[in-house]
Amino acid sequence: MKAFISATSSISPVRSFGVEKDLTQFNEEEVGYLKAIEPSYRSILNPKMARRMARVIKMGMATALDCLSSAKVENPGAISIGTGLGCLEDTYKFFKQIDDSDEGLLSPTSFIQSTHNTIAGQIALFIGCENQNFTFSNRGFSFENALEDGILKLAEGDDDILIGGIDEITSESIELLELLNCSGKINNSEIPVAGEGASMFMLTNKPDNAIVEIIDIECFFGDNSNVDIISEIEELLNKNGLSEEDLSGIVSGANGLPNDPAFYKSIAGHYNDKPVYEFKKLSGEYFTSTAFGLHVSVDIMHAQKGIETININDNKEGEFKHLLLINNYGNQYRTLILISKP
Amino acid sequence: MAGKVVVTGWGIVSALGFGVEENFQALKSAKSGVKLPEILDSNYGNSKYCGEVRYTDHELRELIGDFAKNIYCRTTLLGLLAVKEAISSSNLTDAILAASKVINGTSVGGMVSTEKYHKLYTQNKNSEYKKFFKSHDCGYSTDKIAEYLNSKGGTITISTACSSSANSIMQAARYIKAGKCDVVIAGGTDALSKFTINGFNSLKILDDQPCKPFDLNRQGLNLGEGAAYLVLESEEHALQRGANILGQVVGYGNANDAHHQTASSPEGRGAGLAMTKALNMAGNIIIDYINAHGTGTNNNDSSESTAIQNVFGENIPQFSSTKAFTGHTLGAAGAIEAVYSLLSINKGVRFPCLRIEEPLEISSSSPILEVIESETSAVLSNSLGFGGNCTSLIFNK
Numbered sequence: 001m002k003a004f005i006s007a008t009s010s011i012s013p014v015r016s017f018g019v020e021k022d023l024t025q026f027n028e029e030e031v032g033y034l035k036a037i038e039p040s041y042r043s044i045l046n047p048k049m050a051r052r053m054a055r056v057i058k059m060g061m062a063t064a065l066d067c068l069s070s071a072k073v074e075n076p077g078a079i080s081i082g083t084g085l086g087c088l089e090d091t092y093k094f095f096k097q098i099d100d101s102d103e104g105l106l107s108p109t110s111f112i113q114s115t116h117n118t119i120a121g122q123i124a125l126f127i128g129c130e131n132q133n134f135t136f137s138n139r140g141f142s143f144e145n146a147l148e149d150g151i152l153k154l155a156e157g158d159d160d161i162l163i164g165g166i167d168e169i170t171s172e173s174i175e176l177l178e179l180l181n182c183s184g185k186i187n188n189s190e191i192p193v194a195g196e197g198a199s200m201f202m203l204t205n206k207p208d209n210a211i212v213e214i215i216d217i218e219c220f221f222g223d224n225s226n227v228d229i230i231s232e233i234e235e236l237l238n239k240n241g242l243s244e245e246d247l248s249g250i251v252s253g254a255n256g257l258p259n260d261p262a263f264y265k266s267i268a269g270h271y272n273d274k275p276v277y278e279f280k281k282l283s284g285e286y287f288t289s290t291a292f293g294l295h296v297s298v299d300i301m302h303a304q305k306g307i308e309t310i311n312i313n314d315n316k317e318g319e320f321k322h323l324l325l326i327n328n329y330g331n332q333y334r335t336l337i338l339i340s341k342p
Numbered sequence: 001m002a003g004k005v006v007v008t009g010w011g012i013v014s015a016l017g018f019g020v021e022e023n024f025q026a027l028k029s030a031k032s033g034v035k036l037p038e039i040l041d042s043n044y045g046n047s048k049y050c051g052e053v054r055y056t057d058h059e060l061r062e063l064i065g066d067f068a069k070n071i072y073c074r075t076t077l078l079g080l081l082a083v084k085e086a087i088s089s090s091n092l093t094d095a096i097l098a099a100s101k102v103i104n105g106t107s108v109g110g111m112v113s114t115e116k117y118h119k120l121y122t123q124n125k126n127s128e129y130k131k132f133f134k135s136h137d138c139g140y141s142t143d144k145i146a147e148y149l150n151s152k153g154g155t156i157t158i159s160t161a162c163s164s165s166a167n168s169i170m171q172a173a174r175y176i177k178a179g180k181c182d183v184v185i186a187g188g189t190d191a192l193s194k195f196t197i198n199g200f201n202s203l204k205i206l207d208d209q210p211c212k213p214f215d216l217n218r219q220g221l222n223l224g225e226g227a228a229y230l231v232l233e234s235e236e237h238a239l240q241r242g243a244n245i246l247g248q249v250v251g252y253g254n255a256n257d258a259h260h261q262t263a264s265s266p267e268g269r270g271a272g273l274a275m276t277k278a279l280n281m282a283g284n285i286i287i288d289y290i291n292a293h294g295t296g297t298n299n300n301d302s303s304e305s306t307a308i309q310n311v312f313g314e315n316i317p318q319f320s321s322t323k324a325f326t327g328h329t330l331g332a333a334g335a336i337e338a339v340y341s342l343l344s345i346n347k348g349v350r351f352p353c354l355r356i357e358e359p360l361e362i363s364s365s366s367p368i369l370e371v372i373e374s375e376t377s378a379v380l381s382n383s384l385g386f387g388g389n390c391t392s393l394i395f396n397k
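If you're matching them up, the sequences are chains W and D in order.
Read in full-length UniProt numbering, the first sequence has 322 at position 322, and its numbers run on one by one without any break.
Read in full-length UniProt numbering, the second sequence has 349 at position 349, and its numbers run on one by one without any break.
Hints are computed from structural coordinates only; laboratory data are not their basis.
Just so you know, not all the hints are guaranteed correct.
List of simulated lysine to any residue pairs, SDA-like, C-alpha gap at most 25 Å [to be verified]:
(1) D:Lys69 x W:Asn181
(2) D:Lys28 x D:Leu360
(3) D:Lys134 x W:Gln332
(4) D:Lys4 x W:Asp158
(5) W:Lys185 x W:Asn311
(6) D:Lys119 x W:Asp99
(7) D:Lys134 x W:Leu180
(8) W:Lys185 x D:Thr122
(9) W:Lys21 x W:Glu317
So the derived list for chain D, only partly shown, Cβ under 7 Å to chain W, looks like this [as the list claims (entries may be wrong)]:
(10) Lys131
(11) Phe132
(12) Phe133
(13) Ala161
(14) Arg355
Listed next, the stretches of chain W that the computed footprint assigns to chain D, with coverage defined by at least 3 CB atoms under 8 Å from CB atoms of chain D [unchecked claim]:
(15) 108-122
(16) 150-161
(17) 170-183
Treat the numbers as computed from the prediction; the structure is a model and nothing was measured.
Glycine included, each C-beta is placed from N, C-alpha and C at the ideal position.
Between the sequences and the hints, there should be enough to build the whole structure, so can you do that?
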């Protein structure tokens, strides 16, 4: 069973969306974390509709519509969205109304938009897509669950599956994320820098318009402290008829912190002849950051050009044939995704 | 590859009690669990009827055992208790459990803990509250279940509002069918919370009295809480280990109503599509009983009825909603009703609607008004949620 990506779209803390893409340009707002650069939604969404939508829904809608249009797909075979924390802004709004009014008479608007599947539901509603519509909210595997679901859907005979990973930060959520040591403000050097964003992909079983082929995905749940990552990667490559020499580079989810899982260092050490790109320098850490990691990987593969600002060594590659994306969240979730030039 | 998917274990905790047997006895004697809540911390505690699980968090911890000692999230505690029964009923060995996958569904996750302590935290910023916030996200309960089972086969958490755990079961069946795994523990959990009771109240769809789904004069739904899990297995694997087979998942389908974020389309288009998908997959099957979503809101019951009529024409199977017993348990509803559907098949009993004065008929068929004892081979179970999310599951003997 073959799975290809025919289009991507991403809103992130760097200029990844729209015509003037530049993954080296950061959001200049000084908010203390990696905040997404949002496009002007005017040309993308009906302003009346956009006013009612929280940022996370707008980011999701904008990237979904962009992805559909690049892929020239009107009605996807399914929609699968991963979001670790869902619609935080609306959740908090309703939450606060309950507290402030001591459970008084409330407007249902923010409650209605607070459910995790609002993003996937709104996309379906907007484009009139009656097909399967799933939302995964599974910590560091939220996007991975959606990606696997999309590949499964292709195997079941459907085509053009829209998948994505989305999370937003709010002023309340960053405080709690920091309290829980998940991620925090830039000035906190102990924990990963918090980030946010939305990345969408169109999966297809047709190689014709593909920009990347997804060769394999593996997700490991459990303690990541003592992992023999090099053997794990070797096994993955062998399983797919490849060897170490075939790898053009690594896209790594290391946060560049002393307490990153040790396997990141093993990778940097072992693959010292290949470029290693650390995508979280651009996106920050969040539950669905793998989605942005995949966006970066597809971008490198499609452009056949590395992103030097995030390359941790001086290695350059003339041709990108196979890339390995590796991510870790909270030392519990480990993901390997192998992609190739179609 | 395309082998059969069977159910080899079940576990449940709901307003009807802990365990498949307690739930069955209550259903069979038409005894509702919808009452005024005693544990829920909300001003609505003395006015809104709910299907509350009558165990405090402390009692739940005792029932689960040591593992639950440091777990403060009620959603997770309910989930663990139901999982405990599901595993013990399935006789899975540790080695099989280690390779199994956990697929969990929940709508609001650990909201019940966050809402209790967030205000206090904003007032005094005491980091001790950390332990109540770490369970906020939907994935926490899944993590804890996988840890409890020592399962390393991967986790999935689905959050599609009121169809979450129906989708968990569907996803488990898909993974097994695709040959990706042999054994999956799938279901869902949700605890009553101030957040959801205020939410549904703001939508003005709560019935102030115990609800009466499929009554012409229904006034809305009652919320509930609970958890249920099934052990799903490839038939080959189940036969090989001599497992007790409770039933087979022969059809499933998910579709989107694409009509409105919270309301169902008048013609129940999404529900109709989901049922059609499930029926097409099941092939030549005669449905004996429909365990409908039947929340008791005006919109749901009329939309779902229209969908059932459009799908089945003049041959409407017997139907009822068991939400008059349990309340609407949101993300747990699909799994709880899957257990009831399997009970129906295993015990030859079809459960009634409760409190109906004037039945809402579909074509000329009335909902089930009294317990029916009759051989039951195939049951269709519907779960419909916010975001237009519609799922149908078909269980067969």
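These are the hints, each one checked on the structure:
1. D:Lys69 x W:Asn181: Cα-Cα ~22 Å, so holds.
2. D:Lys28 x D:Leu360: 22 Å, holds
3. D:Lys134 x W:Gln332: Since the Cα atoms of D:Lys134 and W:Gln332 sit roughly 14 Å apart, the hinted pair holds (cutoff 25 Å).
4. D:Lys4 x W:Asp158: Holds - the C-alpha atoms of W:Asp158 and D:Lys4 are around 21 Å apart, at most 25 Å.
5. W:Lys185 x W:Asn311: Cα-Cα ~23 Å, so holds.
6. D:Lys119 x W:Asp99: Holds, because 8 Å separates the two Cα atoms, which is no more than 25 Å.
7. D:Lys134 x W:Leu180: 7 Å, holds
8. W:Lys185 x D:Thr122: 18 Å, holds
9. W:Lys21 x W:Glu317: This hinted pair holds, its Cα atoms lying about 22 Å apart.
10. Lys131: For D:Lys131, the interface hint is violated, since the closest Cβ of chain W sits about 10 Å away, which is over 7 Å.
11. Phe132: The hint is violated - D:Phe132 has no Cβ within 7 Å of chain W, the shortest such distance being about 11 Å.
12. Phe133: Holds, because the Cβ-Cβ distance from D:Phe133 to chain W comes to roughly 5 Å (cut-off 7 Å).
13. Ala161: 5 Å, holds
14. Arg355: Violated, because the Cβ-Cβ distance from D:Arg355 to chain W comes to roughly 26 Å (cut-off 7 Å).
15. 108-122: holds (count 12)
16. 150-161: holds (count 3)
17. 170-183: holds (count 3)
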